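Asker: Residue-level listing of the chains:
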Amino acid sequence: MSGPADEFRSVSHVEHLGDGLLAMAAGVLAAMAGLGGAILLVPALLLTGMTATSAAPLGLVTVAGVSVAAGRRQLTSRVVNHRIGVTIELVASAAAVVGALVSGLLGETFVAWMLAVVALAAAVIGARGRGLRNPPDPACEPSDVGERIGALDGAYPLGDQVVPYRPKRVAPALGFMALAGFIAGSAGVSGGFVKTSAATEIMRVPMKVATATTTFTVGVTASVALIVYAIQGRIEPRSCAAVLVGSLLGGQIGAHIQHHLSPVAIRYLRSGLLVLVAVLLVTR
Amino acid sequence: MSATESADRPDRQPIPAGAVSSIRGRRQVPALQWVVRVLLVLAALGAALPGTAGSAFGAAAVAVLIATPLTRVAWLTFRWTQESDRRFVLTGLGLLTVVGIGAVLSALGVGR
Numbered sequence: 001m002s003g004p005a006d007e008f009r010s011v012s013h014v015e016h017l018g019d020g021l022l023a024m025a026a027g028v029l030a031a032m033a034g035l036g037g038a039i040l041l042v043p044a045l046l047l048t049g050m051t052a053t054s055a056a057p058l059g060l061v062t063v064a065g066v067s068v069a070a071g072r073r074q075l076t077s078r079v080v081n082h083r084i085g086v087t088i089e090l091v092a093s094a095a096a097v098v099g100a101l102v103s104g105l106l107g108e109t110f111v112a113w114m115l116a117v118v119a120l121a122a123a124v125i126g127a128r129g130r131g132l133r134n135p136p137d138p139a140c141e142p143s144d145v146g147e148r149i150g151a152l153d154g155a156y157p158l159g160d161q162v163v164p165y166r167p168k169r170v171a172p173a174l175g176f177m178a179l180a181g182f183i184a185g186s187a188g189v190s191g192g193f194v195k196t197s198a199a200t201e202i203m204r205v206p207m208k209v210a211t212a213t214t215t216f217t218v219g220v221t222a223s224v225a226l227i228v229y230a231i232q233g234r235i236e237p238r239s240c241a242a243v244l245v246g247s248l249l250g251g252q253i254g255a256h257i258q259h260h261l262s263p264v265a266i267r268y269l270r271s272g273l274l275v276l277v278a279v280l281l282v283t284r
Numbered sequence: 001m002s003a004t005e006s007a008d009r010p011d012r013q014p015i016p017a018g019a020v021s022s023i024r025g026r027r028q029v030p031a032l033q034w035v036v037r038v039l040l041v042l043a044a045l046g047a048a049l050p051g052t053a054g055s056a057f058g059a060a061a062v063a064v065l066i067a068t069p070l071t072r073v074a075w076l077t078f079r080w081t082q083e084s085d086r087r088f089v090l091t092g093l094g095l096l097t098v099v100g101i102g103a104v105l106s107a108l109g110v111g112r
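In order, the protein sequences belong to chains A and B.
So in this note's numbering, the last one in the first sequence is 284, and the numbering has no gaps at all.
So in this note's numbering, the last one in the second sequence is 112, and the numbering has no gaps at all.
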């Protein structure tokens with residue numbers, strides 16, 4: 001799985017610990033806000049002096065780790081819509097393959113600016129909404145909770161109440177999912193921040209469903225990208241292991257906190273994080 | 001903010017029609033719980049042990065990590081088959097096919 005040893009930086013246990021702690025922090029925030037995690041971890045690792053080539057696989061390990069770790073809690077909360085997830089992931093993964101194929105043609109500065117602009121746009125769009133956009137329906141019963149066979153519709157529990165939802169404008173939203181996939185393939189992040197924004201702002205999927213479903217889908221994106229990196233010999237197993245421990249712990253903590261947050265708080269948290277990421281990317 | 005707080009732009013959706021899917025995570029939840037435990041052990045050993053042993057445990061952790069989301073998609077596709085949900089069976093199969101194509105293109109060195 002690993003390439004020649006001299007391709008990788010020589011790391012001590014202290015550096016492993018530092019990478020693991022950064023991954024845990026990224027995992028907590030990613031699971032809470034419906035971001036992949038790489039968009040938070042990779043800029044942080046770059047600030048520590050790591051090269052982009054080394055940081056990208058670690059970012060994707062964090063994404064996959066958070067997805068697996070948060071999955072149990074989010075499934076128990078009945079907020080994941082697998083049919084929406086697989087639908088958007090089909091488009092995103094196809095675009096990710098294209099992005100990976102052309103990534104060599106794109107300069108690092110262009111990719112950084114592309115990420116920053118998209119992150120800032122997602123932050124602004126997400127912060128515009130106020131209040132609870134998808135209110136509970138008193139007519140709904142607990143037995144209504146779940147996905148609908150043959151459709152993207154569903155209902156999720158919010159406290160003691162049930163919120164029904166029906167995704168709108170699916171076709172244009174899938175265009176943005178393709179953009180998310182292209183970003184994932186070309187920049188080595190999961191594109192989760194674009195997916196969540198498109199799901200909430202275009203498809204009008206409730207925030208909690210969008211964040212949990214995105215957390216599920218970015219795990220698939222990260223797996224695909226990690227397969228590519230493994231084939232290319234860009235995986236350093238011991239560094240990945242340290243980051244994985246952090247992201248698994250962080251993902252579980254983040255999913256637990258997210259369960260207790262209101263949809264409005266999640267929306268503002270996500271927007272704040274995206275502004276921070278955009279600033280980091282541009283100023284780096 | 002509570003769930004019942006007034007909304008600036010309430011967007012109440014109709015109660016969805018159609019049958020509720022029986023996929024409620026009854027198998028996925030315990031499976032994911034075990035995967036997380038296995039991953040934690042493998043990754044901790046990979047980070048702590050020096051040399052080849054650490055690399056072997058780290059590589060095993062990454063392999064399990066890569067396989068988990070894809071196995072989840074395959075499992076969902078199988079469950080949708082049981083629910084006779086052809087549209088989403090095709091979507092799931094399409095996704096797995098795209099993943100396979102990406103891996104093959106990468107192995108062939110395309111785009112490197």
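No wet-lab data here; the hints were simulated from the structure.
One or more of the hints may lead you astray.
Examples of chain B residues toward chain A, derived with CB under 10 Å [claimed, not checked]:
| hint | residue |
| --- | --- |
| 1 | V20 |
| 2 | G25 |
| 3 | L45 |
| 4 | A60 |
| 5 | I66 |
| 6 | T91 |
From the structure, some residues in chain A lie toward chain B, with a derived Cβ separation under 8 Å [claimed, not checked]:
| hint | residue |
| --- | --- |
| 7 | A64 |
| 8 | L90 |
| 9 | L101 |
| 10 | E147 |
| 11 | A171 |
| 12 | L174 |
| 13 | G175 |
| 14 | R234 |
| 15 | I235 |
| 16 | A241 |
| 17 | I257 |
Please read these numbers as outputs of a predicted model, since none were measured by experiment.
Cβ coordinates follow ideal geometry from the N, Cα and C atoms, glycine included.
Asker: Taking the hints in turn, state whether each one holds.
Answerer: Consistency of the hints with the structure:
1. V20: holds (4 Å)
2. G25: At 3 Å from the nearest chain A Cβ, G25 of chain B passes the 10 Å test, so the hint holds.
3. L45: holds (8 Å)
4. A60: holds (8 Å)
5. I66: This interface hint holds because 5 Å falls under the 10 Å limit.
6. T91: Holds. Min distance 5 Å.
7. A64: Where the cut-off is 8 Å and the nearest Cβ of chain B is about 5 Å from A64 of chain A, the hint holds.
8. L90: holds (5 Å)
9. L101: holds (4 Å)
10. E147: holds (4 Å)
11. A171: Violated: closest Cβ of chain B sits about 15 Å from A171 of chain A, beyond 8 Å.
12. L174: violated (12 Å)
13. G175: violated (17 Å)
14. R234: violated (10 Å)
15. I235: holds (6 Å)
16. A241: holds (3 Å)
17. I257: violated (15 Å)
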